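Spelled out, the chains give:
Number of protein chains: 2
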Amino acid sequence: VHRELKHIYEVQKEVSLLTSIGALLEWDQQTHMPALGVSRRAQQLRLVSKLVHGRLTSPSLWKSLRKARKMRLRGMDGAVVRELSKEVSKLRRVPTGLVEELSQETTLAHHAWKQARKSNSFTHFAPFLQRLVSLKRRHAQYLNRRLQPYDSLINEFEEGMTSSKYNRLFSFLQKELRYILDSVKGSRLYRRQRPLRIRVDKAHQRLVTEHIAGRMAVTPDRVSVDVSAHPFSISIGQQDVRITTRYTNALDSLSNTVHESGHALYELGLPTRYIHTVLHNAPSYGLHESQSRFWENMVAASQHFWKGYARHFNRLAGIHHSWRQYYRGINLVKPTFIRAEADEVTYNLHVILRFEIERELMNGRLRVRELPQVWNERFHELTGLRVRSDNNGCLQDTHWAGAAFGYFPSYCVGTVYASQLYARLLKSMPEAEKLVQKLEFKPIIGWLGRKVHSKGNTMLADDIIRKTCGEGLNPRVFISYLREKYGELYGF
Amino acid sequence: VHRELKHIYEVQKEVSLLTSIGALLEWDQQTHMPALGVSRRAQQLRLVSKLVHGRLTSPSLWKSLRKARKMRLRGMDGAVVRELSKEVSKLRRVPTGLVEELSQETTLAHHAWKQARKSNSFTHFAPFLQRLVSLKRRHAQYLNRRLQPYDSLINEFEEGMTSSKYNRLFSFLQKELRYILDSVKGSRLYRRQRPLRIRVDKAHQRLVTEHIAGRMAVTPDRVSVDVSAHPFSISIGQQDVRITTRYTNALDSLSNTVHESGHALYELGLPTRYIHTVLHNAPSYGLHESQSRFWENMVAASQHFWKGYARHFNRLAGIHHSWRQYYRGINLVKPTFIRAEADEVTYNLHVILRFEIERELMNGRLRVRELPQVWNERFHELTGLRVRSDNNGCLQDTHWAGAAFGYFPSYCVGTVYASQLYARLLKSMPEAEKLVQKLEFKPIIGWLGRKVHSKGNTMLADDIIRKTCGEGLNPRVFISYLREKYGELYGF
Numbered sequence: 002v003h004r005e006l007k008h009i010y011e012v013q014k015e016v017s018l019l020t021s022i023g024a025l026l027e028w029d030q031q032t033h034m035p036a037l038g039v040s041r042r043a044q045q046l047r048l049v050s051k052l053v054h055g056r057l058t059s060p061s062l063w064k065s066l067r068k069a070r071k072m073r074l075r076g077m078d079g080a081v082v083r084e085l086s087k088e089v090s091k092l093r094r095v096p097t098g099l100v101e102e103l104s105q106e107t108t109l110a111h112h113a114w115k116q117a118r119k120s121n122s123f124t125h126f127a128p129f130l131q132r133l134v135s136l137k138r139r140h141a142q143y144l145n146r147r148l149q150p151y152d153s154l155i156n157e158f159e160e161g162m163t164s165s166k167y168n169r170l171f172s173f174l175q176k177e178l179r180y181i182l183d184s185v186k187g188s189r190l191y192r193r194q195r196p197l198r199i200r201v202d203k204a205h206q207r208l209v210t211e212h213i214a215g216r217m218a219v220t221p222d223r224v225s226v227d228v229s230a231h232p233f234s235i236s237i238g239q240q241d242v243r244i245t246t247r248y249t250n251a252l253d254s255l256s257n258t259v260h261e262s263g264h265a266l267y268e269l270g271l272p273t274r275y276i277h278t279v280l281h282n283a284p285s286y287g288l289h290e291s292q293s294r295f296w297e298n299m300v301a302a303s304q305h306f307w308k309g310y311a312r313h314f315n316r317l318a319g320i321h322h323s324w325r326q327y328y329r330g331i332n333l334v335k336p337t338f339i340r341a342e343a344d345e346v347t348y349n350l351h352v353i354l355r356f357e358i359e360r361e362l363m364n365g366r367l368r369v370r371e372l373p374q375v376w377n378e379r380f381h382e383l384t385g386l387r388v389r390s391d392n393n394g395c396l397q398d399t400h401w402a403g404a405a406f407g408y409f410p411s412y413c414v415g416t417v418y419a420s421q422l423y424a425r426l427l428k429s430m431p432e433a434e435k436l437v438q439k440l441e442f443k444p445i446i447g448w449l450g451r452k453v454h455s456k457g458n459t460m461l462a463d464d465i466i467r468k469t470c471g472e473g474l475n476p477r478v479f480i481s482y483l484r485e486k487y488g489e490l491y492g493f
Numbered sequence: 002v003h004r005e006l007k008h009i010y011e012v013q014k015e016v017s018l019l020t021s022i023g024a025l026l027e028w029d030q031q032t033h034m035p036a037l038g039v040s041r042r043a044q045q046l047r048l049v050s051k052l053v054h055g056r057l058t059s060p061s062l063w064k065s066l067r068k069a070r071k072m073r074l075r076g077m078d079g080a081v082v083r084e085l086s087k088e089v090s091k092l093r094r095v096p097t098g099l100v101e102e103l104s105q106e107t108t109l110a111h112h113a114w115k116q117a118r119k120s121n122s123f124t125h126f127a128p129f130l131q132r133l134v135s136l137k138r139r140h141a142q143y144l145n146r147r148l149q150p151y152d153s154l155i156n157e158f159e160e161g162m163t164s165s166k167y168n169r170l171f172s173f174l175q176k177e178l179r180y181i182l183d184s185v186k187g188s189r190l191y192r193r194q195r196p197l198r199i200r201v202d203k204a205h206q207r208l209v210t211e212h213i214a215g216r217m218a219v220t221p222d223r224v225s226v227d228v229s230a231h232p233f234s235i236s237i238g239q240q241d242v243r244i245t246t247r248y249t250n251a252l253d254s255l256s257n258t259v260h261e262s263g264h265a266l267y268e269l270g271l272p273t274r275y276i277h278t279v280l281h282n283a284p285s286y287g288l289h290e291s292q293s294r295f296w297e298n299m300v301a302a303s304q305h306f307w308k309g310y311a312r313h314f315n316r317l318a319g320i321h322h323s324w325r326q327y328y329r330g331i332n333l334v335k336p337t338f339i340r341a342e343a344d345e346v347t348y349n350l351h352v353i354l355r356f357e358i359e360r361e362l363m364n365g366r367l368r369v370r371e372l373p374q375v376w377n378e379r380f381h382e383l384t385g386l387r388v389r390s391d392n393n394g395c396l397q398d399t400h401w402a403g404a405a406f407g408y409f410p411s412y413c414v415g416t417v418y419a420s421q422l423y424a425r426l427l428k429s430m431p432e433a434e435k436l437v438q439k440l441e442f443k444p445i446i447g448w449l450g451r452k453v454h455s456k457g458n459t460m461l462a463d464d465i466i467r468k469t470c471g472e473g474l475n476p477r478v479f480i481s482y483l484r485e486k487y488g489e490l491y492g493f
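Protein chains in written order, with this note's numbering: chain A, 2 to 493; chain B, 2 to 493.
Errors might be hidden in some of the hints.
When the alpha-carbon atoms are kept at most 27 Å apart in a straight line, the in silico DSSO-like pairs for lysine-lysine are as follows [as the list claims (entries may be wrong)]:
| # | chain 1 | residue 1 | chain 2 | residue 2 |
| --- | --- | --- | --- | --- |
| 1 | B | LYS14 | A | LYS51 |
| 2 | B | LYS91 | B | LYS119 |
| 3 | A | LYS176 | A | LYS166 |
| 4 | A | LYS203 | B | LYS203 |
| 5 | A | LYS439 | A | LYS486 |
| 6 | A | LYS64 | B | LYS439 |
| 7 | B | LYS14 | B | LYS64 |
| 8 | B | LYS335 | B | LYS308 |
| 9 | A | LYS115 | A | LYS166 |
| 10 | B | LYS443 | B | LYS468 |
| 11 | B | LYS452 | A | LYS51 |
| 12 | B | LYS186 | B | LYS64 |
| 13 | A | LYS176 | A | LYS335 |
| 14 | A | LYS7 | A | LYS64 |
| 15 | B | LYS166 | B | LYS203 |
| 16 | A | LYS468 | A | LYS435 |
| 17 | A | LYS14 | B | LYS51 |
| 18 | B | LYS439 | B | LYS428 |
| 19 | A | LYS51 | B | LYS428 |
| 20 | A | LYS87 | A | LYS7 |
| 21 | B | LYS203 | A | LYS7 |
| 22 | A | LYS51 | B | LYS166 |
| 23 | B | LYS186 | B | LYS203 |
| 24 | B | LYS335 | A | LYS14 |
It is worth saying that the hints were derived from the structure and are not from the lab.
Please read all numbers here as calculations on a predicted model, not as lab measurements.
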């Protein structure tokens, strides 16, 4: 066994190093790469993927894993063998030809999506999307023959989730969110509300970014902050995480920075002893997102935060507003066409739309060419807004061009988990709101570290939440939070 | 043969992609990597080296090369087989254990060198340097048993050069440079001269950098400009080159930018048809350096340049000086302890010192512990300055900590080549000085492209120069240039 385990750990280390090299190539592509570098970059990324795939699907690794499984190991070794076997057996089930075709088609589709956005027309993108839908339906069958295609894909992002669980989640949320939205819309304040317009130049926004990241212990010695068109975070090493933001408006860049810093804290908090193994990971996209939402929504969009932060924000940005102005400004509810710009109340209505559409695409009940019409009708039902341009509708997100069907619901899972974790935190650490107001985040970071980050990929996301909160995914907690917060804000 | 060549080109492509990935890892380490990322970075770089080494030394590649050599191919295929065989046979001669030991010892030595600089004491660094000297002496023997160790190492940087050629070069230069320096020092102007002190903030220095790089066709779509402690340039892809500068003072950052842009133009000018092969390279470090020196010294430190550029510089930097003030300022001759800060006249005196010391270290005639004393005595003879601190003396450069013995003379070769190329340019393009004054660099870039860049690694550096200039390395051209320029500047 010793020899088999040694081999397993060696392969994992090489895979982990190669994967982190791939992450650097991607980070660079979004931040500093000269535009003309793109074709060489595609070759570099393809080579890294090929090397990773080759190592993970090698017969010798599979042999070692098979022998190791028979030993029924416990503890870390047992978890490594279990999780790695899952991953490898999936990779071995999917034919290499399909993997390559998918990789090629997503590159083409991404390009076509960009072109389609330039002409604001879905028609150009449709045939590419159609091919991705077919390929992913085949892919799903290889992943798990016994499941509906969409269920197989969900499982890649949220292990243990199913479309029927999501159905229940989303029909509950749709009803409740619509109720809250209607209450907001019916309020006197809603009709009078104006967005908070503040003009802050990039240099001052950068000061805010550095300040808030520093308060969250996201410091330059382990996290770099760069600028990219779409903010993201990526881990290059245990002590080397990259986040990006954009300097469009000061409240937005603050939210982005806090959101990505939440992701960064998760990466930095993964246990060192799991390094270079399959356990040095979050167990799901939703749980990762819960950490960014926790900081962005529960903390940095709270009253307590703004009572404490307003003066720093004013000083750093060189402006003057009251904490209440910021608090109202950052929590303004107003239906919008763009998911990424949506407020807390309407955000998940956007997710519901995408969930319904991709489920039907994957299960063969919706044709690609019908997509814009269905999108626009359904969007109107959900938000009351009429989509008049594909760029504001079904072309707004890049996920489908990347064949990431099944990903959107994880955003919702993350939001719900975040509210559950925050509710639990307030019970175990009654002074948490005061700490937020004082911007003393260390005890909260420590708590999240113990309850979430330190588990690595040894348990399902829902089990991590259950262990901490006493129950798995529960959207009622999220709804109570919204009702209380927005009831107070809009007086209903 | 078709099959063998196909294999050879495939391996080269993978090696070229891996090498460019390694280049990105290094660039990132010097520019954006959080400090704590360093240990993972070392692992990533080690893995990439291992993969490259494995591919180049694989028996199947060697077999293909052997078969291909027998076919006596011509043209590009012939050159590829010849150059790649040279490289591979060298790699195969050096035991892997020695390569690994060297890699490990240079990492340790680099760290020790940094520590030694903190305490300003060579003693701490000495044992590490001693080990590197021994390892490199062994390494040299594997490279070529018939040569003196130092000659083998020189050949790694300047193929075709020998220490006896360098001896002749440097004894000529030492005499001539001392004569010019003495003439400068004896002039009335020298005694009255003051450095040009201009204060320009970083934002304005950045404007100058972008402007001059743009004029040199070093544009953001194919070259990124970042900041690093030591300016450098590195190629990630045919259309993706990175340069760095530093914003310490405006003339310095201009020179750095122009220097690194010269390197970038070489990389961008390598022939596309040689991409992913061993021919897509400069044939020597000296020839690469000739391109940076050409732009830094011959162009951007010339009268004509400043006659044209002063008004741009004033406008961009928000200051007001005459072209003559800049021209004098950038060409101020004054012996200094630090090579990297030296003027054109004294620069190569620094190189001579390093050449003599490393030759004697390598050939066993100088002991490491005697180094500071020898350095200080010899430096005094060469420049008249007395070194009172190791940081200003034998600890100033990082090259020896990287085991790059034999590299320094290439700086001198580059300077001499640059003067030869410029003299030749003035003959073939009599309007060149006017073009420089008008900042119209395109015809000059085109000329360098045809004469130098487009050759790739198909000829020895000295043959490229001979083909263009009618003769190989000739320091007399450099000395005439210096005499004329500094005679005019200092009135002797």
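Inset, instruction - Give me the numbers of the hints this structure contradicts, sorted from smallest to largest. - result: 2, 6, 9, 11, 12, 15, 19, 21, 22, 23 and 24
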